[in-house]
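Chains A and B, in that order, are what the protein sequence lines are. Under our numbering, think of the first position of the first sequence as 22, with each following residue one higher. Under our numbering, think of the first position of the second sequence as 3, with each following residue one higher.
These aren't lab readings, by the way, just hints derived from the structure by calculation. Glycine residues also receive a C-beta, built at the ideal position from the N, C-alpha and C atoms. Any given hint might turn out to be false.
[Claimed, not checked] Which bits of chain A does chain B cover? Going by a derived footprint, with three or more residues having C-beta under 8 Å, they are:
(1) 101-108
(2) 114-121
(3) 137-150
(4) 265-271
[Said to hold, decoys possible] With beta-carbon atoms standing in for the labels, derived distance ranges:
(5) A/75 to B/154: 53 to 63 Å
(6) B/140 to A/80: 48 to 58 Å
(7) A/136 to B/128: 19 to 29 Å
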Amino acid sequence: MKTPLLQLKNVTMAFGGLVAVNDLSFDVFENEIVGLIGPNGAGKTTVFNCITQFYKDYQGSISFGVPPVDLKTIPVTEVIDQGLVRTFQNIELIPDMSVLDNLLIGAHRQFKSHLLDELLRTKKARQEEARLTAKALDLLTLLKIDHLKDFYVKGQPYGILKKIEIARTLMSDPQLIILDEPAAGLNDQETDDLEALIGQIKKKYPLTILLIEHDMGFVMKLCDRVCAINFGKFLAMDTPSKIQKNPLVQEAYLGKED
Amino acid sequence: MAKIYDALTAFFKGHPYRNFLLTGALLMLIPLFHGLGILGSGTLGIWGYILIITVVALGLNILLGFSGLISLGTAGFVGAGALGTGVFISLGLPFELAALLSIFIAGLVGALIGFLSLKVEGLYLAIATLFVGEILRQIYTQVEIFGGQMLQIGAVELFGFWTLSSNPPNERRLLFVLIVFILIGMMVLMYHLTQSKTGRALLAMSRSESAAQAMGIVILKYRLVAFVTATVFAAVGGVMYALYFQNVPTTAWTLDLSLFIIAMVVVGGFKSIYGTLLGAFVIHGIPNLLLKEFFGDVSYIFSGVLIISVILYYPYGAIQVFYDAKKAIMTFMAKRKRGNA
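All chains should be built: construct the whole structure from the sequences, respecting the hints.
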């Protein structure tokens with residue numbers, strides 16, 4: 022059997038008495054798009070925060086990569102070096118910075134020049150800046166927002182912000198990107214655009230994607246497999262069409278028939 | 003007219019260094035006018051002080067404007083640069099070594115505050131830095147080595163052969179020119195720093211700590227960078243003070259001064275290099291150069307009102323005045339063009 026790229030084994034995360042994630046296990050394989058669904062408060066974002074090591078005091082194990090690395094041993098700021106990078110539910114971009122500079126933040130770890138190189142703007146620093154700027158411009162062109170590169174992020178429409186945040190994750194040449202509700206707050210047109218965009222990105226980069234989403238149409242069309250959870254507990258993991266027919270999942274969303 | 007304007011903007015947009023050169027050239031007019039007898043010695047001194055305090059405020063702008071951190075101890079570090087240089091010179095060290103040593107020591111203390119900033123946030127950090135400044139002030143006034151009221155440095159020997167004293171007017175002008183060079187150098191350094199990985203990381207850290215961490219920005223490292231840079235800039239300002247005035251008071255490095263430097267950053271404009279220079283001019287220059295002549299002792303009332311109005315109408319800094327002016331000129335010329343056609 023193939024080894025998974027991301028593997029969660031019996032992960033439990035409790036805040037005081039509240040168990041947000043309860044003994045959750047699932048695998049994500051290379052090149053897949055996996056959706057994580059569940060009703061509000063099911064613990065989806067908590068799972069993401071555990072994977073990306075924002076929460077460290079979970080039980081169980083989360084391993085990533087080939088060969089697998091136990092992510093718990095990695096500080097939160099070094100997770101990105103493993104090829105694992107995320108977006109946020111409430112877009113976390115830098116408002117008073119240009120779109121281009123926001124992308125360059127995603128490449129932070131690829132800048133190797135030291136403070137002194139930067140202060141004196143040595144040849145090394147200039148070349149590095151030029152190389153990564155070109156990379157950012159390529160991405161902006163792919164996303165068709167290159168005309169906005171010098172504008173502040175502040176004041177851009179929501180759909181653009183979502184695109185910028187996805188572009189920022191791609192700057193680090195990731196293996197797996199984790200998207201926290203990429204379609205939330207988008208209108209139908211923008212959602213369709215985003216779907217096409219993710220397809221395009223997948224074609225161009227060898228990526229694995231794990232996403233949380235409430236828009237079921239979006240999840241069903243885009244994902245290869247879907248993992249459903251409720252109250253932090255695993256319900257089912259299967260192809261979208263089978264998940265839709267799963268009685269446990271239907272019960273979680275619609276309630277039980279008497 | 004429009005052609006000249008276009009050519010000028012094209013020239014200055016061509017390379018940012020040209021702006022720094024122009025600023026330097028404009029500031030060189032001050033000693034020139036002094037030499038021609040248009041400006042008095044007092045005015046030269048006030049301008050010297052403005053340029054020196056601009057360097058300090060630039061450092062604070064990195065801390066306040068980019069990293070979103072606060073320090074109420076800035077004056078203490080200016081004092082460290084100025085008095086440290088004086089003390090090391092009196093111990094027999096050459097000027098350059100004395101300057102480097104005092105900047106280095108100030109930077110070390112800055113790093114300590116950086117560690118402190120991980121433990122305390124916001125108002126608590128402000129109070130902590132307030133007392134760092136207070137400790138430094140007490141040291142300067144109480145410890146004998148700093149000379150009591152005033153530390154006399156006397157003529158400074160540069161590079162081991164070039165002695166400049168602040169008394170004869172021609173040497174004073176040369177010292178002013180040196181100050182301008184240091185200021186422009188510090189402006190360029192700040193420009194490089196803020197337009198690079200470090201500047202972006204500082205901004206990311208202050209605007210969204212979680213995004214910064216997810217992108218691999220280590221908060222401790224950049225808090226240290228922010229505080230060390232700010233204290234080093236402050237100490238460089240102090241060294242410039244020692245070089246230019248050559249008499250350093252021990253009692254001047256108070257909370258008052260720290261607050262005025264914060265005001266320069268706020269009034270001039272966060273994150274703006276030229277805004278900081280403008281802020282220093284508005285806070286220190288306008289009351290001392292313009293208003294004092296007309297209003298005498300009550301000039302501070304007017305400067306206070308002026309500063310409050312700037313904050314009210316230009317919350318993003320007085321530097322916005324220039325952008326507004328530029329916009330006005332553009333629309334005026336566009337109108338004229340349409341009128342001609």
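Tested hints:
1. 101-108: As far as the stretch 101-108 of chain A goes, the hint holds, because 4 residues have Cβ atoms under 8 Å from chain B.
2. 114-121: holds (count 5)
3. 137-150: holds (count 6)
4. 265-271: violated (count 0)
5. A/75 to B/154: 53 to 63 Å: At 57 Å between Cβs, range holds.
6. B/140 to A/80: 48 to 58 Å: Since residue 140 of chain B and residue 80 of chain A have Cβ atoms about 52 Å apart, the given range 48 to 58 Å holds.
7. A/136 to B/128: 19 to 29 Å: Between residue 136 of chain A and residue 128 of chain B, where Cβ atoms are some 26 Å apart, the hint holds.
Of the numbered hints listed earlier, the single one contradicted by the structure is hint 4.
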